[in-house]
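Make a model of the complete structure from these sequences and hints.
There are 2 protein chains.
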Amino acid sequence: MAIQQKLSLMIPGPTPVPEKVLQALSKHPIGHRSKEFQELVESTTRNLQWLHQTQNDVLTITGSGTAAMEAGIVNTLSKGDKVICGENGKFGERWVKVAQEFGLEVIKIDSEWGTPLNPEEFKKILDEDKQKEIKGVILTHSETSTGVINDLKTISSYIREHKTALSIIDCVTSLGACNVPVDEWQLDIVASGSQKGYMIPPGLSFITMSKKAWEATESSNLPKFYLNLKSYKKSLLSNSNPYTPAVNLVFALDEALKMMREEGLENIFLRHNRHKLAMSNAIKALDLELFADEKYLSPSVTAVKTGELDAEEFRKTIKNKFDILLAGGQDHLKGNIFRVGHLGYVNDRDIITVISAISNTLLVMGKISAQKAGEALVVASNYLKTN
Amino acid sequence: MAIQQKLSLMIPGPTPVPEKVLQALSKHPIGHRSKEFQELVESTTRNLQWLHQTQNDVLTITGSGTAAMEAGIVNTLSKGDKVICGENGKFGERWVKVAQEFGLEVIKIDSEWGTPLNPEEFKKILDEDKQKEIKGVILTHSETSTGVINDLKTISSYIREHKTALSIIDCVTSLGACNVPVDEWQLDIVASGSQKGYMIPPGLSFITMSKKAWEATESSNLPKFYLNLKSYKKSLLSNSNPYTPAVNLVFALDEALKMMREEGLENIFLRHNRHKLAMSNAIKALDLELFADEKYLSPSVTAVKTGELDAEEFRKTIKNKFDILLAGGQDHLKGNIFRVGHLGYVNDRDIITVISAISNTLLVMGKISAQKAGEALVVASNYLKTN
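Residue numbers (the numbering used here), protein chains in the order written: chain A, 1 to 387; chain B, 1001 to 1387.
None of the hints are false.
Which bits of chain A does chain B cover? Going by a derived footprint, with three or more residues having C-beta under 8 Å, they are: (1) 22 to 33; (2) 56 to 68; (3) 193 to 201; (4) 245 to 253.
Hint data in this document are derived by calculation from the structure and do not stem from the laboratory. Glycine included, C-beta positions come from ideal geometry on N, C-alpha and C.
Encoded structure:
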């Protein structure tokens, strides 16, 4: 029987939170205009730059990742601007909606859910835009809804060749899970959220702005107030915030970023990579199918087709039996896939555990043999022990 | 010598947080699409309606009070709409800026900082608007920057007589501190923030929407996505959120609202009222001057003129000697006033303590006699013991 209080979060956010971070979260708040809080803003900002591998500004917003993406769009673009939106999942779809809501002219580049965006389609449209009418390229790096990672490195190189268009990138489930070198790839705007690789609860989001992105804010005419990034930049000069920030989440952020620095970027990326490989290969060993193109698997979430099994029932069984929360499919994928999050504060034990729980459930249902279940564990362990 | 970790927050937000609430905050997050979280949304929404004394929808936004006020404005109004903005402090000023940013035509009704808005000026302009061109009246109930409470009851009665204009009210430091009966006063939109009367850390804000306000959303043409309240309303039908909410702050909210229900609205208002009276009368007994008109004192913050004393130095002394954080003056008031917050989780002891700290500091500076210091305590105690 399950003890619901001992829940293990294996969804792509909120992700598990270290005890140290939970303790930081529960400290009594301090004044957000105090010297002590300024010191926190200074230290978290410096560590955020480290995490983003950038010298650009990194701003912290109280709000979800969607708020940060909207901020990126409304601060740098103007009504009627032409933008390319990459769309191969629910989040790609969302950025199209944001762009349209603010009166941008959207050129969609799409790809079936589960498959990656084709960088060459970006190149073609950007190359043909001799008038430099395209002002931005909006896309999602790791598509949380499908478990696909898009080839941001190549696409961003094409955006740079265009010279005018800004890159506005949703790195919500890639940042802190795999390499996103903002300066090296010259990414203009990168948005992310606290409840993902950051290992803290939801409520904060982050946005980097390149020099070129700041220049674009000067001509942007879309209305904004709470999300006006110029106010955030101005406040940051004195390590402050334009509006009252979620002080306790900043305590948590400070602690989590320190833990990340201790582990080191390279180790964090390696850990996520081996979890991705262990997870995806175990899934195949269990005769289940991956939803995403295997050459483009997200480092942070594995989407699994359940075929004739109802994915929602399957998730429910795993939750009731083992207190492990898996994510379901979104929109038309509901019931057809489940998603395993392996993002943030996840260790090898968590991976072996979730694979065992899936195997056990299939075993009890008579879908696989004990032999198969054992093989899946061996496969997973092989990937885990390689590091 | 002060121990900075034992800080007492006597500022108008963030306010002190009960230990129970801090403990709720530090629970491990759960999935925001889970049944368990839906139950929390259902229970907090019901208790928020109780706190607002309304049957209207109350929506929870991850963001500051400014985000909630912006949401009220951008969801119900359209470009070029005429609005009245009441302005007698920093927050009143801010709502003018939001309205202008979104292309509204602002009719300002102002009053010197420290004095209340004159309801008759609202009546006059609303009465003269025979064409019903005024679509909204935006104002701040308790002006946190000055310690003035505006006569919302009378002003809102004039707005109702106009019939077309919506009331869009910043109740950030009045809700949960004094009576704001949303249904009885027929307030259309009321915004508030978690780090105030709610007794939880910053990061959540709240907004009520009347039927008339929802009707106005149908014709509103201002662009919005993260703050599009229709998405929040739609999600609320299944006790959910359109974007990932600050799950842990919702844990805290649930606990704090239960504590508020236990104390009861009437008792909460009485407590704030006696703290206001104890504070303001002790200040006068100490030969200091109140910044706000005494007939319009905010229930949650007392602003004190320091005359020849530098208010910032005074605050610093109180902080260093007693670990009590007071708020300074904002903008042109910086150095001229300090503000004592008595909002949320504040008891009689906190009030006596802050008065003693202020008295002691003045005594040491040679500004008052021991007799005066004693008298101030007696005055305060008299107000406190009346309940």
